[in-house]
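Trainee: If you want the building blocks of each chain, they are given just below.
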Amino acid sequence: MNEEARFDLALMSARPRAMAALLRYFRDLDTAEEAFQEACLRALQSWPRNGPPRDPTAWLIMVGRNAGLDSKRKHHNETELDDSNAPIDENLSLAERLDDSDYRDDILRLLFVCGHPTLPATQQIALALRIVSGLTVEQIARVFLVSPAAMEQRITRAKRAIAEAGVEFETPGAADRAQRLNAVSSMIYLMFTEGYGSTPDTAEARGPLADEAIRLARLLVGLFPSDPETLGLLALLLLQHARAPARFDRDGQIVLLEEQNRDAWNRAMIDEGCVMLEKAARHREPGPYQLQAAIAAIHSRAATAADTDWAQIDRLYQALERMTPSPVVTLNRAVAVSKLRGAEEALALIAPLEAKLSGYFYFHGVRGALLKQLGRADAARESLNRAIALASTVAEADHIRRELDSLVAQ
Amino acid sequence: MQYVFLCYHNEKEVFAWSKEHETQVIEKLLAVQEKLAQQGRLGPVARLMPTSTATTLHKNREPAVVTDGPFAETREQLLGFYVIECKDQEEAIETARELGVANPGGAYEFRPILMLQR
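As they're listed, the protein sequences go chains E and H. All letters in the first sequence, in the order written, are residues 1 to 410 by this note's numbering. All letters in the second sequence, in the order written, are residues 1001 to 1118 by this note's numbering.
Chain H with its partners taken away, still in its complex shape (with noise of 0.2 Å):
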């Protein structure tokens, strides 16, 4: 089954970390994005530009109407996502592990995906 894995991250934080340690978190990221391709099971990688860079529509109500920044304000922000392909919550619960292991701090929501069309 897909899963969707959104990443939250304190923005704030991670905007100011080092080049060194950017750097390094990154590479720890793709070490396991690698494995993951490699058993075939992952999908797209996106990582966001930052929340300032964002519109939102509010459509719940008329007319709808539009604003700058995020949906909501949070914490932690939406800073990127992963599709991957888990065979079950077990598994989906392990990737998210390895890959919070290469990037502590904050949080990963993992969810399946119902229908993704490309």
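Next comes chain E alone, as it looks inside the complex (with noise of 0.2 Å):
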């Protein structure tokens, strides 16, 4: 890697403490950007010909709070400060006495803002790939498959919603802190699952998602090393993600769980993924991070599908059903139950669910493959036809197409 690339990635790498830290500083997000865009700009002119600083976090938020300085006094008409050559150095204890204990609420700040709830999930999103990710507007317009004028302009009102919605600077108490952790977890799981859902070749775009998104929890986790739901996300991500090679055939096609090649699942995430889930466990305080991580950990530990531990399974989603009911998660369970005491019972168990689950793709699926299993055909039919017309993605519809012609082969 050539010394450009490794400054590069130091400056990525620094860009979350260094971001949260201006903003802090600043209090508006522009400013902090922009501040922050100049120090990137006077690192990659200085750090070639005076070497690296020792700790490149702290030279970007010294020289950043320089240069938004200059900025506003430009702005107010103030003689121009000219320190391009005052020595970073004796600024740099005053960077070192940043209060460590204040970055982990600076950087949550900053993640909290990219996910603020006033913003649709699609802004949260790009807003928290261009701020804490560092991705260019470009990169982030060819995940989101849109022009990057249009993601231009998406930022752009995502960052005057929050204006709007103004941002809380004072040091939040326990109880902020654990809402502002829940909100920015949410953020990183739509984002994760933004990722997914996907044919091989948006598949292909959208891998940054994925990525990025365990990033931001790997992040978290850094800042909240011993919260339960937050290993617990990290581990769901990592258990997850992990079977991501084998999601698609060659041809494309959607590769149901129970059929995916086990080979090709990652197993160092999977270790990484059950090592952080032990860690949150050790707490004894499950949630529903924990619990969905727990659901996964146990797919990827049977050796083929007919090992699954399904009954196990079936508890977990119980356990979950509890603690956040949903229509979804009783779907979910739904197919750990037509496992252990068969199609019927199942059927059963998702029939109140018709009225809510009615514009649900994968309701009108679980329900075809259902029938499908006890023979009843036209049933079937009807299910898988309604499922089709729900298919977001052509993968979905050819999986459901295919359903249907072992129909008609029945």
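In short, the hints are calculated from the structure, not lab data. Glycine included, each C-beta is placed from N, C-alpha and C at the ideal position. Heads up, some of the hints might be wrong.
[To be verified] Have a look at the derived ranges for each label pair, beta carbon to beta carbon:
1. H:1066 x E:407: 52 to 58 Å
2. H:1112 x E:136: 33 to 39 Å
3. H:1006 x E:117: 42 to 48 Å
4. H:1045 x E:52: 49 to 55 Å
5. E:147 x H:1105: 36 to 42 Å
6. H:1023 x E:407: 41 to 47 Å
7. H:1035 x E:149: 51 to 57 Å
8. H:1006 x E:359: 39 to 45 Å
9. E:362 x H:1045: 54 to 60 Å
Relying on the hints, combine the two individually framed chains into one complex.
Mentor: In structure tokens, the structure reads:
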């Protein structure tokens, strides 16, 4: 890797902490961002000449602060301070005094600003990718298959909404911190799932989403290493992403979990996910992410689909139902029930969900599959046709079409 | 004498490496390892999972306390280690340099092993 690439990497990995500190200092996202950009530009000018600083983050914060202040002074028509030659070192001790216990809340605030509940999901993700991950507008636009101009607009809109909503710059109390952590975790999980449910082509475009979500989850774990749900979130993402290589076959068709080639699963990711889950469990504070991760872990530990401990999966879904009841959880549980006690009981379980899930692709897909198992071809066909109408990707539609074809063959 | 080579690197950077870059670094390291193995000098090689998977038992207090995370929060983290036979300090330094060329950034701390038991 050449020197410039190494510097780029140092800038990218310093971004969350530096941006967070600058946001706290300037209390304005745009100012913080411009200050950080300016600091990066100066880094790329000065580091090749003078060598990289011992602490790139502190350097960027200090130079960013000066750059932002300069810019403010210019706007107020005051004498421009020329500190471009001022030694950076004497300012470094100030940067080091930036309270380390605060930076955790700073980064949480930065993530929370991006994952602000007032923003629609797509804006949250776009903003986080731009502000925290440092992806360019072009890169983000490619991920969402929109034009860079459209993405630029989306991000500007998001920033405006945040400026209007206002950001809390006081140090959060425990309850606020927990609430922010919750919102940030949701945003990260949303980013992750956006990277799925797509064809291999869009999967390639969206690959960065899953990777960035995992990177942000790791960042969060670094800030809150003992928070069980944060550990659970990282575990869940790793365990799910480990299966990514097996999700599509050579022809771009969806491969269901029970048919996936388990040799293609990323074992290192599974091992790491399991360790994170065990670490979370040690705290004896179960939560939705931990439960979902535990379910994913059971699949990952089964050498073959037939070895899957469906009874344990059923129990975990029941716990999840109690914790965060939702028709989708019950639908997922029904799959486990069908493996344990047959399709009839599973159908009975999902029957009451019809009203709530009538617009949900998976509901009709699962029901169709269960009816097919019971040999009720006409009813199965009806469900599967409704599923096709709701498919959001070519791969999903193809999968249902294959199910329909196999019905005809019966 | 057997030395342990402790590999310290900025974990956030390492995890931000592209797959291509990661593959390149690993290939270069493997080349150095191959050479050491052929010389009969290479012992165990370990690459550790991220520090998010670390747990620490603090036994400097009573009762001992288990915490999540590595022992120390540092700018560079322990990411792996080698055990390599070196005839003297000079050879150890040279070996560290060779590994460092394959994998620049961070640091290698190398220290003689007093006792190694399998």
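Trainee: Hint by hint, say whether it matches the structure.
Mentor: Here is how each hint holds up against the structure:
1. Checked against the hint of 52 to 58 Å, the C-beta distance between residue 1066 of chain H and residue 407 of chain E comes to roughly 55 Å, which is consistent with it.
2. At about 48 Å, the CB distance of residue 1112 of chain H to residue 136 of chain E disagrees with the hint of 33 to 39 Å.
3. At roughly 45 Å, the beta carbons of residue 1006 of chain H and residue 117 of chain E sit within the given window of 42 to 48 Å.
4. At roughly 29 Å, the beta-carbon separation of residue 1045 of chain H and residue 52 of chain E lies outside the given 49 to 55 Å, and the hint is violated.
5. Range check, residue 147 of chain E to residue 1105 of chain H: Cβ separation about 37 Å, and the 36 to 42 Å hint holds.
6. Judged by the Cβ atoms, the range 41 to 47 Å given for residue 1023 of chain H and residue 407 of chain E holds: they are separated by roughly 45 Å.
7. Separated by about 53 Å at the C-beta atoms, residue 1035 of chain H and residue 149 of chain E satisfy the suggested range of 51 to 57 Å.
8. In this structure, residue 1006 of chain H and residue 359 of chain E break the distance hint of 39 to 45 Å, their C-beta atoms being roughly 56 Å apart.
9. A C-beta distance of roughly 45 Å is found between residue 362 of chain E and residue 1045 of chain H, which places it outside the suggested range of 54 to 60 Å.
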